[in-house]
Amino acid sequence: MSLTSKDVAEIMRMLEASGFDSLTLEMDGVKLELNRSGATTPAVQARAPAPSPSPTLAPAHAHAQPSAAPAPAEAGLVEVTAPLLGIFYRTPRPGEPPFVEVGAKVQPQTVIGIIEVMKLMNSVSAGVCGEVVEVLAPSGVMVEYGQVLVRIRPEA
Amino acid sequence: MPIRRILIANRGEIAVRVIRSCRQLGLETVLAVSDADRDSLGARLADRTLCIGPAPASLSYLKPEIIVQAALGSDADAIHPGYGFLSERADLARLCEDESIVFIGPTSAQIEAVGDKLKARAEAEAAGVPTAPGGAVARVEEAVALGRRIGAPLLVKAVGGGGGRGMKRVDDLADLPAAVSMAAAEAGAAFGDERVYLERFVARGRHIEVQVLGDGNGEVIHLGERDCSVQRRYQKLIEETPAPGLSEALRAEIREAGVRYAKRLAYRGAGTVEFLVDVERQAFYFLEMNARIQVEHPVTELATGVDLVAEQIAVADGNGLSLSQSDVEVSGCAVECRINAEDPACEFRPTPGTVRLAEWPSGEGLRVDTHIVTGAAVPPYYDSLLAKVIAHGPDRATALERLRQGLRRTLIEGVATNIGFHLAVLDDPEFQAGGVDTGYLARFLDRADPPSEA
Numbered sequence: 001m002s003l004t005s006k007d008v009a010e011i012m013r014m015l016e017a018s019g020f021d022s023l024t025l026e027m028d029g030v031k032l033e034l035n036r037s038g039a040t041t042p043a044v045q046a047r048a049p050a051p052s053p054s055p056t057l058a059p060a061h062a063h064a065q066p067s068a069a070p071a072p073a074e075a076g077l078v079e080v081t082a083p084l085l086g087i088f089y090r091t092p093r094p095g096e097p098p099f100v101e102v103g104a105k106v107q108p109q110t111v112i113g114i115i116e117v118m119k120l121m122n123s124v125s126a127g128v129c130g131e132v133v134e135v136l137a138p139s140g141v142m143v144e145y146g147q148v149l150v151r152i153r154p155e156a
Numbered sequence: 001m002p003i004r005r006i007l008i009a010n011r012g013e014i015a016v017r018v019i020r021s022c023r024q025l026g027l028e029t030v031l032a033v034s035d036a037d038r039d040s041l042g043a044r045l046a047d048r049t050l051c052i053g054p055a056p057a058s059l060s061y062l063k064p065e066i067i068v069q070a071a072l073g074s075d076a077d078a079i080h081p082g083y084g085f086l087s088e089r090a091d092l093a094r095l096c097e098d099e100s101i102v103f104i105g106p107t108s109a110q111i112e113a114v115g116d117k118l119k120a121r122a123e124a125e126a127a128g129v130p131t132a133p134g135g136a137v138a139r140v141e142e143a144v145a146l147g148r149r150i151g152a153p154l155l156v157k158a159v160g161g162g163g164g165r166g167m168k169r170v171d172d173l174a175d176l177p178a179a180v181s182m183a184a185a186e187a188g189a190a191f192g193d194e195r196v197y198l199e200r201f202v203a204r205g206r207h208i209e210v211q212v213l214g215d216g217n218g219e220v221i222h223l224g225e226r227d228c229s230v231q232r233r234y235q236k237l238i239e240e241t242p243a244p245g246l247s248e249a250l251r252a253e254i255r256e257a258g259v260r261y262a263k264r265l266a267y268r269g270a271g272t273v274e275f276l277v278d279v280e281r282q283a284f285y286f287l288e289m290n291a292r293i294q295v296e297h298p299v300t301e302l303a304t305g306v307d308l309v310a311e312q313i314a315v316a317d318g319n320g321l322s323l324s325q326s327d328v329e330v331s332g333c334a335v336e337c338r339i340n341a342e343d344p345a346c347e348f349r350p351t352p353g354t355v356r357l358a359e360w361p362s363g364e365g366l367r368v369d370t371h372i373v374t375g376a377a378v379p380p381y382y383d384s385l386l387a388k389v390i391a392h393g394p395d396r397a398t399a400l401e402r403l404r405q406g407l408r409r410t411l412i413e414g415v416a417t418n419i420g421f422h423l424a425v426l427d428d429p430e431f432q433a434g435g436v437d438t439g440y441l442a443r444f445l446d447r448a449d450p451p452s453e454a
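The listed protein sequences correspond, in order, to chains A and B.
Counting from 1, position 56 in the first sequence corresponds to residue 56 in this note's numbering; the numbering is continuous, with no gaps.
Counting from 1, position 246 in the second sequence corresponds to residue 246 in this note's numbering; the numbering is continuous, with no gaps.
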């Protein structure tokens with residue numbers, strides 16, 4: 001038995017759909033080596049927001065790509081993520097100043113925002129000492145579990 | 001306002017199944033996923049995905065207020081709960097009612113009526129649906145008196161139990177007082193409800209259930225019955241329709257009883273009325289009603305050609321039933337095998353992991369409902385169902401042969417599965433003859449691997 005071009009195409013499709021980057025197959029004196037082009041391990045990154053609406057089935061590996069992630073963050077920043085799904089508010093009450101702005105110094109217990117779930121308010125604290133360098137989530141908008149709310153440069 | 005966007009509060013194969021019907025109906029889907037399911041097939045197929053919490057179900061799929069918040073925040077008009085998780089929790093249905101979100105299922109009152117075993121039993125009696133001799137017992141003295149009337153063997157069941165949990169068998173009435181006290185204490189600890197009741201133990205019983213659809217205004221039809229007697233520790237493994245070897249008179253009586261029960265509740269949506277058929281007495285007793293779509297619904301769909309999820313949505317949308325009883329025809333036979341990530345060689349221990357390779361069969365009369373593709377994760381947090389392979393044919397032998405061929409062509413690598421076990425059952429003459437009782441699979445396992453005498 002030898003490999004036809006159809007077989008090779010089939011094997012390539014299997015590799016494409018798998019979590020592997022390369023494949024070596026030896027049989028009946030034939031050696032086939034396949035490498036996924038440009039295969040690199042995606043860098044560890046912030047949790048991406050929900051994948052954009054897509055009516056068709058994307059290949060499995062597409063989701064590992066940092067496609068929809070916010071602009072690459074400065075190294076060493078700490079991300080404060082939503083501990084639960086709900087409506088994010090930056091202010092204690094409408095019309096009041098935000099809990100934190102860019103440049104604010106925070107302590108671990110400093111409240112950076114609140115998340116409302118069915119009229120129950122849950123406060124979110126910074127978790128670290130440092131300075132707020134970026135506020136990503138707008139006020140009054142639903143955030144998912146794990147979504148990045150603010151980035152903080154920790155105190156050395 | 002008609003439904004146009006549905007939030008699906010479930011995972012796995014049923015999430016994919018619901019998305020499929022939504023697409024055919026031109027409805028948008030929002031899938032609520034836990035952190036562990038962000039890359040699942042359902043997440044890729046849905047129009048939008050919302051992460052509702054961390055992997056453990058108690059922090060994500062089992063949070064009614066988060067689910068409703070996710071629906072409100074994504075402008076979904078309706079919530080489809082699938083099966084398991086919150087599907088039969090009256091508090092989710094009630095929250096939806098309060099927030100004017102359509103709950104694709106029965107009313108919260110109907111969920112409560114069937115969720116309490118004693119209420120459900122009382123409804124059966126009121127509907128003229130036979131129940132096994134028995135009843136509630138508040139005190140040990142009551143239990144002794146009732147136990148004498150029923151006779152041994154009998155079962156002590158927890159009102160809050162179900163699916164085999166919270167049951168004790170009593171073979172000698174002298175043991176009854178101790179069993180009742182212990183069962184009540186255990187039920188209090190396990191279900192937060194100490195109430196127990198007694199029921200006759202049926203030595204040879206078949207699990208036969210009736211698929212019903214109700215419009216919520218008293219109109220109810222049935223779509224035939226399913227035989228789910230092939231069970232291991234009360235977990236169904238193989239289901240089929242129609243139930244083999246049932247007399248036509250008994251079959252008709254069971255179907256009518258299922259309709260009567262749902263009519264009594266003016267049931268809304270898809271539901272299943274479960275019965276225990278006493279083989280020796282040729283009688284049947286009401287067990288419980290499941291107020292949701294069931295895992296095994298595809299056998300009914302293949303034999304009747306009805307899309308049950310689409311019917312659920314139509315009823316929820318206020319459009320009533322799209323068909324009447326005379327439109328329903330159960331044609332041929334359909335059989336389903338539940339493919340689980342579990343190892344039959346190691347006492348069916350779950351085998352979570354990553355599926356290295358998944359190849360599912362296709363062919364005449366074959367249907368596969370699954371969320372498992374090559375590279376898919378099987379997280380340890382949830383049940384082990386990988387897929388349902390269902391075969392339909394003009395007769396039972398053809399359906400079984402197609403199922404056997406389908407399973408032989410299935411290739412799953414990376415996690416152990418029960419496919420080989422299913423093939424062994426399909427090859428067993430007793431199963432092939434049809435009409436096995438719920439004790440069959442335990443006997444089959446003992447035959448295959450007799451308890452060692454050493």
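Hint data in this document are derived by calculation from the structure and do not stem from the laboratory.
All C-beta atoms, glycine included, are put in the ideal place defined by N, C-alpha and C.
The reader is advised that the hints may include incorrect statements.
Said to hold, decoys possible - With beta-carbon atoms standing in for the labels, derived distance ranges: (1) A:Ser139 - B:Gly192: 53 to 59 Å; (2) B:Ala136 - A:Pro138: 36 to 42 Å; (3) A:Leu120 - B:Ala424: 35 to 41 Å.
To be verified - Part of the chain A face toward chain B, derived, beta carbon under 10 Å: (4) Pro138; (5) Met142; (6) Val143.
Evaluation of the provided hints:
Our hint of 53 to 59 Å for Ser139 (chain A) and Gly192 (chain B) is violated, since their Cβ atoms are close to 40 Å apart. About 56 Å separates the C-beta atoms of Ala136 (chain B) and Pro138 (chain A), a value inconsistent with the hinted range of 36 to 42 Å. The given range of 35 to 41 Å is broken by Leu120 (chain A) and Ala424 (chain B), whose C-beta atoms sit roughly 52 Å from each other. Proximity of Pro138 (chain A) to chain B is violated relative to the hint, the smallest CB-CB distance being about 13 Å (cut-off 10 Å).
Given the 10 Å rule on beta carbons, the hint for Met142 (chain A) holds: about 3 Å separates it from the nearest Cβ of chain B. Annotation: interface hint on Val143 (chain A) holds; nearest CB of chain B at approximately 9 Å, less than 10 Å.
Violated hints, in rising order: 1, 2, 3, 4; the structure is consistent with all others.
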